[in-house]
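S.K.: Which chain is which? The protein sequence lines are A and B, in order. Per our numbering, residue 2 is the first one in the first sequence, and the count goes up by one each step. Per our numbering, residue 160 is the first one in the second sequence, and the count goes up by one each step.
Simulated from the structure, these hints should not be mistaken for laboratory data. As the structure is a prediction and not an experimental result, all values here were calculated from the model. Here a beta-carbon is modelled for each residue, glycine too, at the ideal position from N, C-alpha and C. Errors might be hidden in some of the hints.
Partner residues are not named here, just some residues of chain B that face chain A (Cβ under 7 Å, in silico) [as the list claims (entries may be wrong)]:
| id | residue |
| --- | --- |
| 1 | Ala176 |
| 2 | Tyr183 |
| 3 | Thr188 |
| 4 | Tyr191 |
| 5 | Arg192 |
| 6 | Glu205 |
| 7 | His209 |
| 8 | Phe212 |
| 9 | Leu213 |
| 10 | Trp216 |
| 11 | Val281 |
| 12 | Phe300 |
| 13 | Ile328 |
| 14 | Arg329 |
| 15 | Lys332 |
Once the Cα atoms are required to be at most 27 Å apart in a straight line, the calculated DSS-like pairs of lysine-lysine come out as [said to hold, decoys possible]:
| id | chain 1 | residue 1 | chain 2 | residue 2 |
| --- | --- | --- | --- | --- |
| 16 | B | Lys214 | B | Lys315 |
| 17 | A | Lys26 | B | Lys165 |
| 18 | A | Lys87 | A | Lys98 |
| 19 | A | Lys47 | B | Lys315 |
| 20 | A | Lys47 | B | Lys166 |
| 21 | A | Lys7 | A | Lys127 |
| 22 | B | Lys166 | B | Lys214 |
| 23 | B | Lys315 | B | Lys165 |
| 24 | A | Lys7 | B | Lys332 |
| 25 | B | Lys332 | B | Lys315 |
| 26 | B | Lys165 | A | Lys47 |
| 27 | A | Lys26 | B | Lys214 |
| 28 | B | Lys165 | B | Lys214 |
| 29 | A | Lys26 | B | Lys248 |
| 30 | A | Lys47 | B | Lys173 |
| 31 | A | Lys26 | B | Lys166 |
| 32 | B | Lys214 | B | Lys173 |
| 33 | B | Lys248 | B | Lys214 |
| 34 | A | Lys127 | B | Lys315 |
| 35 | A | Lys26 | B | Lys173 |
| 36 | B | Lys214 | A | Lys47 |
| 37 | A | Lys7 | A | Lys131 |
| 38 | B | Lys332 | A | Lys131 |
| 39 | A | Lys127 | B | Lys332 |
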Amino acid sequence: MKNLFKNLEDLRGINPDPDFLHRSKTEILATYQTHSSTSFRISQFKNRLVEGLSFAAALGLTSLLLYLTISGLSGSSSTVITQQDKTQFDIQLRDAKYYKEVAPNVYVVVLNENMEEEEFQEELNKLLGK
Amino acid sequence: MLDDEKKIILRAQKGEAECFGQLYDHYVTQIYRFVLIKVSHRQEAEDLTHEVFLKAWQNINNFNQRGFPFSSWLYRIARNRVIDYYRTKKEATSIDEVGEHKFKLAATFDQELDQQSNLDLVKTAITQLNDEQQNIIILRFIEDLSTTEIAQITNKSEGAVRLMQYRAIRNLKNILNNEESI
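With the hints as extra help, turn the sequences into a complete structure.
M.R.: The following block contains the structure:
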C-alpha cells in the first residue's frame with residue numbers, strides 16, 4: 002500500500018442514502034422542541050454567568066500570583082534559589098530515568114517537540130506515502 | 160462552516176426548525192461518514208447519525224457558541240454515541256459471536272460500497288486501531304479537519320493530537336503491511 006493518503010482521501014466518497022436523509026431530517030424537525038423562549042433565555046443567562054465567573058476566577062488567580070511574586074521577591078531569595086536548584090536537579094534525574102525506560106517512544110516525542118511544523122509534516126508524509 | 164452560522168445557530172436555539180434543518184444539511188454527511196467507518200454497518204450508522212442530530216436538536220440550547228465550533232460539538236455527540244453503542248453491543252453479544260458478527264457486518268458494508276480492495280483494506284485496518292486513533296485518522300485524514308479542531312473535539316492539547324496522529328498513521332501502516340504479507 003504505497004499511497005495511504007490517497008486511499009484515506011478516497012473514503013471521502015462515502016455518502017448517506019438520500020432517502021435516509023429526507024426521512025431522518027423530517028422526523029427530527031417534527032420532534033417537539035423541549036426548549037421555549039424562556040428556557041432559551043435561561044440557557045443564555047447560564048452561559049453568561051459561567052463566562053462571568055470564569056473571568057472573575059482568572060482575575061483572582063492573576064492577583065494572587067502577582068501578590069505571591071511581589072512578596073516572594075522581598076523574602077530571602079538565596080534559600081529559595083538553593084532549594085530550586087536542588088529540585089531542578091532531582092527532576093532532571095527523574096527525567097533521565099524516565100526517558101531511558103521509554104526509549105522506544107522517545108523518537109516520536111522528540112519529533113513532536115523539537116521539529117518545526119513543516120518538518121513534522123514531512124515525516125508524516127513519508128509514512129503516508131505522499 | 161456555514162455562512163452566517165452563528166446567526167443560524169442562534170435562530171435554531173430560539174426554536175426555528177428550518178434553521179436547524181440548514182445545520183443538518185451541512186453537517187450530516189461528515190457525521191454519517193465518521194459513524195459508518197467506526198461501526199461498519201450502513202443501517203446502524205444511519206440510526207446512530209439520526210440519534211446524534213436528534214440529540215443536537217433537543218439540546219441545542221446547551222451549545223455555547225463562544226466555546227468551540229458547532230461541528231466539534233456534533234462530533235463530540237457522535238463520538239459518545241458510538242462509545243455507548245459498543246458498550247451496549249458488548250453487553251448484548253457473547254465474545255464468541257463478536258468475530259463472526261463483525262465479519263458479516265464488514266462483508267455487507269463492502270458489497271454495498273463496491274469499492275476497490277485497497278479501500279476495503281484501509282477501512283478494515285482503521286477499525287483495528289484503538290478508538291482514539293480511529294478518531295484521529297477519520298477526522299484528520301478523511302474529514303481534513305485541522306489539529307486545533309481535533310484537539311477541541313477530543314479534548315486534548317494540539318501537541319497530543321500531533322503525537323497521536325503520527326502514532327495512528329504508523330500503526331495503520333503496520334496493520335496494512337501485516338495484512339499484505341499474509
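S.K.: Take the hints in turn and mark each one as holding or not.
M.R.: Outcome of the hint check:
1. Ala176: Because about 4 Å separates B:Ala176 from the closest Cβ in chain A, which is inside the 7 Å limit, the hint holds.
2. Tyr183: holds, 5 Å
3. Thr188: Given a least distance of 6 Å, the restraint on B:Thr188 holds.
4. Tyr191: B:Tyr191 check passes; min Cβ-Cβ to chain A is 4 Å, inside 7 Å.
5. Arg192: Nearest chain A Cβ about 5 Å off; hint holds.
6. Glu205: holds, 5 Å
7. His209: holds, 4 Å
8. Phe212: holds, 5 Å
9. Leu213: holds, 5 Å
10. Trp216: At 5 Å from the nearest chain A Cβ, B:Trp216 passes the 7 Å test, so the hint holds.
11. Val281: Holds, about 5 Å.
12. Phe300: Cβ of B:Phe300 sits 4 Å from chain A, so the hint holds.
13. Ile328: holds, 5 Å
14. Arg329: holds, 6 Å
15. Lys332: holds, 6 Å
16. B:Lys214 with B:Lys315: holds, 24 Å
17. A:Lys26 with B:Lys165: Holds: A:Lys26 and B:Lys165 sit about 21 Å apart, inside 27 Å.
18. A:Lys87 with A:Lys98: At roughly 17 Å apart (the allowed maximum being 27 Å), A:Lys98 and A:Lys87 satisfy the hint.
19. A:Lys47 with B:Lys315: holds, 25 Å
20. A:Lys47 with B:Lys166: This hinted pair holds, its Cα atoms lying about 19 Å apart.
21. A:Lys7 with A:Lys127: Holds, because 13 Å separates the two Cα atoms, which is no more than 27 Å.
22. B:Lys166 with B:Lys214: Measuring from Cα to Cα gives roughly 20 Å; hence the hint holds.
23. B:Lys315 with B:Lys165: holds, 25 Å
24. A:Lys7 with B:Lys332: holds, 13 Å
25. B:Lys332 with B:Lys315: holds, 24 Å
26. B:Lys165 with A:Lys47: holds, 18 Å
27. A:Lys26 with B:Lys214: holds, 13 Å
28. B:Lys165 with B:Lys214: holds, 19 Å
29. A:Lys26 with B:Lys248: holds, 26 Å
30. A:Lys47 with B:Lys173: holds, 15 Å
31. A:Lys26 with B:Lys166: Roughly 20 Å separates the two Cα atoms, so the pair holds.
32. B:Lys214 with B:Lys173: holds, 16 Å
33. B:Lys248 with B:Lys214: This hinted pair holds, its Cα atoms lying about 20 Å apart.
34. A:Lys127 with B:Lys315: holds, 25 Å
35. A:Lys26 with B:Lys173: The hint holds at about 18 Å.
36. B:Lys214 with A:Lys47: This hinted pair holds, its Cα atoms lying about 20 Å apart.
37. A:Lys7 with A:Lys131: holds, 8 Å
38. B:Lys332 with A:Lys131: holds, 13 Å
39. A:Lys127 with B:Lys332: Holds: A:Lys127 and B:Lys332 sit about 11 Å apart, inside 27 Å.
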